[in-house]
Structures are given as C-alpha cells and as structure tokens.
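For the record, the sequence lines run as chains A and B.
Per my numbering, numbering of the first sequence is gapless, rising by one per residue and ending at 359.
Per my numbering, numbering of the second sequence is gapless, rising by one per residue and ending at 454.
Hints were generated in silico from the structure; no laboratory data involved.
In this text, a Cβ means the ideal position worked out from N, Cα and C, and glycines have one as well.
One thing to keep in mind: the hints can contain errors.
Claimed, not checked - Covered stretches of chain A, as calculated for chain B (at least 3 residues, CB under 8 Å): (1) 64 to 75; (2) 80 to 91; (3) 111 to 123.
To be verified - Taking lysine-lysine pairs in the DSS-like style, the calculated list, with each CA pair at most 30 Å apart, reads: (4) B:Lys192 with A:Lys337; (5) A:Lys65 with A:Lys78; (6) B:Lys370 with A:Lys65; (7) B:Lys239 with B:Lys112; (8) A:Lys78 with A:Lys55; (9) A:Lys65 with A:Lys132.
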Amino acid sequence: MSDLQKLTIGKALNLGLRRAMEEDPKVLIMGEDVGKLGGVFRITDGLQKDFGEQRVLDTPLAESGIIGTAVGLAVRGFRPVCEIQFEGFIFPGFDQISSQLAKLHYRTQGKIKMPVVIRVPFGGGIGAVEHHSESPESLFAHIPGLKVVSISNAVDAYWGIQQAIRSDDPVLFFEPKRLYHSGALRAEIDVAGTPAQVFSSQVVREGTTATVVAYGPSVKVALDAAAAAEDEGKSLEVIDLRTLSPLDLGPVFESVRKTGRLIALSEAPSESSLTSEIAARVQQECFYSLEAPVLRVTGFDTPYPPAKLEEHYLPDLDRVLHAVDRSLAW
Amino acid sequence: MPSEQWTHPEPGDGPAAVAAQPSPEQVIAGLRATSEGGAELTQLLTPEGERVPSPQFDKYVDDIDAEALRGLYRDMVLVRRADREANAMQRQGQLGIWVPLLGQEAAQIGSGRALKANDMAFPSYREHGVAFTRGVDMKDLLGIFRCTDHSGWDYQRHGFHPYTIVIGNQVLNAAGYAMGQKFEGKVGDDDGEATIVYFGDGATSQGDVHEGFVWAAVYDAPLVFFCQNNQWAISEPTERQSRLPLYQRARGYGFPGIRVDGNDVLACLAVSRWALDECRHGNGPVLIEAFTYRMDAHTTTDDPTRYRLSDELEEWKLKDPIERVRAYLARGGYADQAFFDKIQDEADAFAADLREYTFNMPEPPPDRIFSNVYAEGNPVLEAQREEFLSYLDGFVSAGEH
Ligand SMILES: Cc1ncc(C[n+]2csc(CCOP(=O)(O)OP(=O)(O)O)c2C)c(N)n1
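Construct the complete structure from the given sequences, taking the supplied hints into account.
Below, the structure is given as structure tokens:
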C-alpha cells in the first residue's frame, strides 16, 4: 500500500512525528508551546489534539528542565522528542545535554540507553531578532556520545525524524527553519512506505570541476550555486552531509579524488567548526588528489549580526562561486 | 510586609492538614481568580476608578496629587500610543517584529516611576514603558525591532540595561549588579541604591530565575524582582508554570513576596516604592508579582486565537489600566475633556515622530558585522573584515567596468 503526498519540510516533519507516535506508544513530544499552538513553527500541529496531553507535553518554560526530564523519562523507557523553540535557547539545557544525555550510556557501560531526540530549528535568513538565527551545531558535534544530524529536504525530514526517534542514542536533530514552509522544496513522499535510513552523506548533484559539501539550509545555496556555475561552464558536485557527528566523509573523499577541489560551506562561524574538521580530514585523506587547498565559505567569526546585515553575513551563491574561482585559480 | 495567606501543609502537619491541601481544580481556580487576583491583591484604584484606602501603602503615594496622577495618565497614554504605532508599523513591514505591551502600562509606569536616578533596571524585552520612565528615547528601542541593531541606548546614563531575549538570563545579571551595590556600601539609608529586574510568569520556571532568588537572598542584595504575570507565556498559561501564586514563592527563599494589581498604576507605584525602599535600607530582596494581562499577541508573529478564549480578553478590557485613571480623574473633577484631548494630541504627535524616525532609520554599513566583537580587537577578525571589504569592492568595480 502506498500513500503519495507532496510535502514541505515542515509538513513532512509533522507527519514523520505522527507516524513515529502511532508506531510506538512510548514516543513523547515535549517542549514550549508544542501542544495547543502546535509549536511556534507549527511542526507539532494537531498532535496534542490526537494523542493527548500526556504524549504531547506543553512543558514549563525551562530548557534544562525539558532536557533533564527527558533524560529521566528515557531511563524509564520512554522515547522523548524535545523541541527547542530556537537554537539560541538551547543553552540553558547545554549542561543536561553534555553532562547527562551524552554520557549516561558510557557511564553505565551501556546499561542505560538514551533514546532522546532534540529538535532544533537553526540557521538564519528569517529576519529575526537576536538568538533566532544561529548555527551552533559544531558545539554539539564536539561532544562525544551525541549523534548530530541535519536535514535539507522534505524526504529526509520525513524519514530522518523517524530514524532519529528509533535510535537508541541521543540525537541532536537540526532543522533548517527558513526552509520549513518553502513550497519550492515540496517533495513527493510515500508516507506509508518502508522506513528509509537517511543519515549518511549523499551526492545530491554530480559534477567534475569542484566539490561543494554542505548541510542543512546551505545545501540549497550549494545547489543554486551549482546551477549558476553551469551557466559559466563549470560543473559542481554537491554533497549533503546529513550526518554531522559521526561525520560520514567517505563520499566526500571519493568526490575530492575525482574533482581535486573542495569548498566546505556552512552558516556557522568558521573557527573550530565542522568546516574546520572537514578541511582537516580531507587534507589528511586526499592530500595527493587536491589541486588547491580546501576552502571554506562560512559565517564570520562574529556573533550573528542584526538581521538587516544577514544578507552579508550568510554565505550566498556569489560567495560560493567566488570560492570556486579562487580554487580554480590556484 | 504582607501577611501570609497560603495554607499549604507544613511538614509534620497531620492528615487533616493534608486533607486541606487544595485540589488541582482549586489551585487553578485560585490562580485564575482573574476578577480580583485573589484576596491578597494590593489595589488602590478599582477598575471603576474608585480610590481604595490602604493603611499600609497609602503613605507611599502621599505625594501623588492630581497633577502627578495626570502625569502618570499621560505616561501611560503616550506609551500605549507608541506601542500601537509600532505594532502597526510591523504590520506595514517597517519593523521585523514587535513585542506589544498593551495592558501592561500600569505595571511598567508604576514601577518605573518608583525608581530613582541611581537605581538600575534590568528589563526583558517587553519593557518599553519602563524604558520611557528611565528617559530612554523610545526611538532608540526601535532599532532592535527593525533589526538594524541589537540594542541602542546609554545604559549607565539611563540606569536601564539592554533588553534580554533569553528568558530569565537578566535575573542573575541583576542579582550580580545589586550585589555590587551592596559591596560598594551603597545600601543602608534613604539615599541607598536599589535594582529592579523584570521578567514574566513563564520565566519563573527557568533555573536562572531560581538561582537569582537564591543569590539575592543569601547576599541580601538590594534587588526587587518584578514579575509581570500577564497570564501567558506565549501559549502556555500561568498554571503551566506553578501550582501556587507566584508571589508566594518568595517565602521559600526567605524574603517577602507581594501581589499587586498590575493594572493599577497607583498601587504599582506604591508597592514598588515600598519594595525599593526596603532594598535601599538593606532589607531586600523583595518579590513583586504584578497581576496583569497581555491584551495583544505575545509578539506580532504569534496567533493567540489558537490558545486563548476571547471572553478572557473581553473581561480584562474592563480592567484597562488607563481607563480607571481616566475615570478617577474625571469623576473627581481633576481633569476635563480638554485635558484628555490635549494628551491624545500629544500622543498622536509622539507616534508620528516615531513613525517618521523609523521610516528614515539608516541601515548599518556591512562591516558593522565585525565591530566590537572584542574590546581589545582580534587580528584574525581584522583580516576577515579586510577580506570581506575587498570582496564587496570587487562587485563595485566589476559593475563600474
Ligand atoms: C531560554 C528561552 N527559551 C525560549 C524562548 C522563546 N520565548 C520567548 S518569549 C517566551 C515566553 C515568555 O513568557 P513570560 O516569561 O511569561 O514573559 P512574557 O513574554 O509573557 O512577558 C518564550 C518561550 C526564549 N526567548 N528564551
């Protein structure tokens, strides 16, 4: 039986959550405003109405509380899916994430499993005030014991959220908030189909001139750049990382061996980030294949600026193409 | 100090006391006692605009004669008018977002006007009325909402800290500031200094707010915790944060807590003056719960029709903080129609000025991104700035060819 639906990323997440809740009564959703309001982005819309207040918890306003109690609920056998309203508000919960969520399995030599998902809308481009546009994913990728993933399209959103919920490890699930309701990214999904595993890097566009590796909202930027580059006679290969920790760099190495050039793209500041890690590992693995150093196109090493300046802060198609030119000029 | 009223059983009380514990329904009914705010509500001016005598608090507003009350009325009307204008400008795409204060004018003007020049206020993000009382030009708030700036006034000169968006963070910052006032010996007599910190009912669930209570208490910091309980934290009602009225929490930390009618500017002024006075004399901290209501959406991106009954809003409209002062002034013959018209005209001009300013607000130059990340500079960042500027230059010269 199949049930084909054309979904935005937001709607795909909503249906993915719904399916996970139907399949496993231990799956809970918890967070601020996730119930009646359906979350500030409406990703949990309608779930409380259908599953009740004990499966979709409007929590008190406290992130340490949300994550800390999710840890306890997981010890008790539940599979909590926490929503953090905006990435900038995850920090009151950072202690619980790094001290407990990430370490209990190790501390107990596997006796305690931590099947907790933390959904984090992240990234800029929505014209918001402070703390609503950041990209803190590298901070979490740096913590052993956590899985960190990011989605860039509706298909991965639908299957990815279910895969994350089924995982016995804690998953930080980064969602590209500015793409939630993008009609252009609607995709046809068989929502009754067999669950797919989506957390491995994937070539999303083939090319030969240079490789661009990106994740989350930057994948769209990379694809747009690749389309523009084609008009200039350059063929860019684009890779969507999807899994940020553990990093799946196999497809990236393979691609670099083919193209000889790599641009690592991300909205996050560059210093000590995922793009730093990618550059280091690619240089180690593909040294003799590289025609130019790995270049990075990132946010600047500053706090996220007032939104009137975000068009300059956020890497765009032009900055990617500029980096491609620099790589080719080497 | 207000009397204790909560009847939650003490440890060691027998089964009878346990039986007397309120049911969840009673607790909710108590919290939702919206018409009065509960028996412990301090009120000096009823919603109908009648003066209620208060043996405890009248002396704190002795000096508020008809002229001063007209001044408070003017403050509230101007601030509301500015709030409505900003809300409208957001709808017209001139502001990225607006955080309305509609209904909270009395809580903000009353508490703000209780402050002295050397006092310090730590706001969250909705305290536009307090900003006004601190002499902050309301235009200087607008950059945040037009997204040209993260902040924008002279914090020291105005005694008004930058807005804080992360819920509860500012409470600990305020506790530290107040500890500093204490450590510097600025506490102890009528000339003592005090600090006030603003936060919402939702914020009381955050660990930072709890820690702020603890810190201020154990260091006897001259800090007034001013909780504007506007009934909602976006879609979540106060019951989602607490089982007992918020002001009663203070007892557990060892300092007084009081609930004031947050829609009564006179009561807010009196209670805040009392609390600040306690702090100045070294008897702080104090928790004030201003029982009020957010008569608009949480922000312009919020849709309260999804979670709030319109009946509730209608009920609160009858308790409008501005109308009751107007009724009192009119009934007592302290102000006539000409006065009210004059204030309205002034408010309209005030709003028009804000509008014009907003429309002409300059955009920050691109390399502002790099300014002031560090006080002592950073060579790596300087290089990044140079590279960015020459990248931008490349576009200009490409265009010129
Ligand atoms: C740490 C943190 N979590 C979540 C948010 C998102 N958020 C902004 S305002 C708000 C509700 C705040 O309610 P309350 O404290 O009652 O203040 P009010 O806005 O009602 O005055 C939430 C959840 C935030 N700003 N900071």
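Hint numbers the structure violates, sorted upward? Violated: hint 9 alone.
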